[in-house]
Amino acid sequence: MSADLFMVSNALVAIPAIAAVALAVEPAYRRSAVINVCASGATFLFALVLLIVEPENGGYLFVDDLNIVFVVLSTFIGFTTSVYSASYIDHEIETGRLTSTNVRFYHAMYQSLMCAMNLALLASNIGLMWVAVEVATLTTVLMVGIYRTPHALEAAWKYFILGSVGIALALFGTILIYMAAEPVLGQGYDAMVWKTLMSQAPQFNPRMLNVAFVFLMLGYGTKVGLAPMHAWLPDAHAEGPTPISAVLSGLLLNVALYAVLRFKMLLTANAAAITPGPLMIALGLASLIMAAFMLYRRGDIKRLFAYSSIEHMGIIAFAFGMGGPLANFAGLLHMTMHSLTKSAIFFSVGHIAQAKGTQRIADIRGLTQSQPALGWSLVAGVVAIIGLPPLGIFMSEFLAVSSTFARQPLLAIPLVFGLLLAFGALLLRTTGMAFGAPTPDVGEVKASMLPLYAHLSLVLLAGVYLPSHLVTWFQNVARLLG
Amino acid sequence: MELLTIDIAHMLAGALVLTSFMLLYQDRLSGLINIYTLHAVILSLSVAWQAYYQDAPHLYVTAGIAAIFKALIIPYSLRRIIERLGVHRTVEVVGGVGITMLIGIFLVALSLVVMLPATAAADPLAREDIAFALAIVLLGLLMMVTRRNAVSQIIGFMSLENGLVLAAAGANGMPLVVEISVAFSILIAFIVIGIFLFRIRERFDNVDLFELDRVRGGRS
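If you read the sequences in order, they're chains A and B.
Letter 383 of the first sequence, counting from 1, is numbered 382 in numbering that gives the first Met the number 0, and no numbers are missing.
Letter 98 of the second sequence, counting from 1, is numbered 97 in numbering that gives the first Met the number 0, and no numbers are missing.
Check the hints yourself; a few may be wrong.
Label pairs and their in silico Cβ distance ranges [unchecked claim]:
1) A120/B to F416/A: 39 to 47 Å
2) Y464/A to D122/B: 56 to 64 Å
3) P324/A to M100/B: 47 to 55 Å
4) A281/A to V112/B: 21 to 29 Å
5) L115/B to R30/A: 58 to 66 Å
6) V71/A to L17/B: 33 to 41 Å
7) F404/A to T4/B: 53 to 61 Å
8) D122/B to Q407/A: 39 to 47 Å
9) L109/B to S198/A: 30 to 38 Å
10) M10/B to L419/A: 58 to 66 Å
11) I51/A to A120/B: 43 to 51 Å
12) T274/A to T4/B: 34 to 42 Å
13) A188/B to L419/A: 45 to 53 Å
Everything labelled a hint here was simulated from the structure, so no lab data went into it.
All C-beta atoms, glycine included, are put in the ideal place defined by N, C-alpha and C.
Take these sequences, add in the hints, and give me the full structure.
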């Protein structure tokens, strides 16, 4: 059994790495799009195999109940986004916004990103995880700046500087964790491995852990997009190619969140250290309310949904900060639902921007008439993201709010306030875009609707009926998170 | 002998903090690059001393990277870049030098207050090194927020990163230090290439980030 697992978890890192090299030397963009889809599909299949084989650890990679959730989710969205990306890139080549050299680079970077994210999720030690997050940051920076317009360069630069400062702080925290563990676990590799860290955590120097967690929270929190370190996020989403916006919102934010959660578990295991919850609750609420207000003044459709991502990461951080089986369950479910919904929204937004030739909300009207399929799926996506029943996000938000009411009623007030604020803003902006007299299209778009429908139907399914398997699995993970 | 070893390590780390202060008030780009070179040389000496003290040969690799990459290649390419871009003129400092220095002193005090009690149990060498390292990191952050020029922001970031390498080298027997310093070097190389490839000069006429802000005018 263990031999299988070695192969499986290694394959999750190796397939994208090999594909990245192959794509870097493949000049024909249509063929490279096919390779991209195949590689992402294969990675997803291997991630599914992880569900069947017995989790055992060894070497530099390890698998447990927590990271399987993240790996399956991220490889699935990586796969659907690669399908979407093929039609998106086709259009960009035809309109001359990207050259085939750009696209070759883009595809190689896409697979490098997948490789780095899987490595970050599966890494068995805190040092390797840090390196993987750094590589993921670098590849996304390069993709955000790919259009070479002043706006794109500005966005990439800002993302680069803020992201670098974030991971620098995270590294300082990582070093401090090692220093806290070293007197107990001895010098060397053991003091960086998750498994030994978790088992010996009660004996670590609590003051050291406290300082370390502050740095880790600020560092990885920057990558999660929590206020006030969120400034890079809207620009990076708005100026990069739309598949990358979908991957950023759907996956990369989750990877950073995974890092925060792991360290939170470490601190929870040490009774003398601060409880990490309140810090996460504060940052989460700040992000939620700040983003909800910012939603009202957005003039750019991708920026609008980027702020919505900040809002939802705030809710998720809040739920995990509350802790306990119910709130953790809500956080996990919300993270899954948000990833699926937000990437679906970006899929439709990307094609809408291509059809209308603009990202300005004011210039987009009457989508349901001029582009019925895209328009209605945008409406469906927004209905899901603002949390209307019977869709999945309603479920998770309801759970988050009710568990907060049960334990800290006062905290539920700002939470509900932020949710309602964001609800109003998104509804206002979307009705303007979806209905009314349509604005003219500038070009034909061969939209690939399949990934979009797949995501939305999963979100609907989760809202109507959650398979009991999934529920018990998530409950296990929620208990693990403490 | 033991005490002397520790004193030398502290002297080198303290010299790094002082050099960080010099970066804070230097307002000419070429001067900044010179001081950064000094910063990198001291870092390399400091890491080499740690390698000797801890008897950890892999740290010599990190010291070598610091010496060759950070003290030679980076300053050389930065100098080429500012020549090409023609920005030898004065760097504008946002906020007064006096206030910036005072904040800097406050940050050093803060890092000592935070780190020394937290690391009371660690061995004396690692203990004060990590406090110095935090001071260097915070001073680097301070430099990044007080400067508006892309090149000086990068120098601020690189000094911050030197603080991290110092911390990693000071943590007794920490594995992956070499890998991490290589990963960071790649990051920095990307940043430096980035300034050049992004051709901020070509697109914005200078490397002043106010210009980047101006580009955003009217966008929300």
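To test your reading of the hints: which numbers does this structure violate?
6
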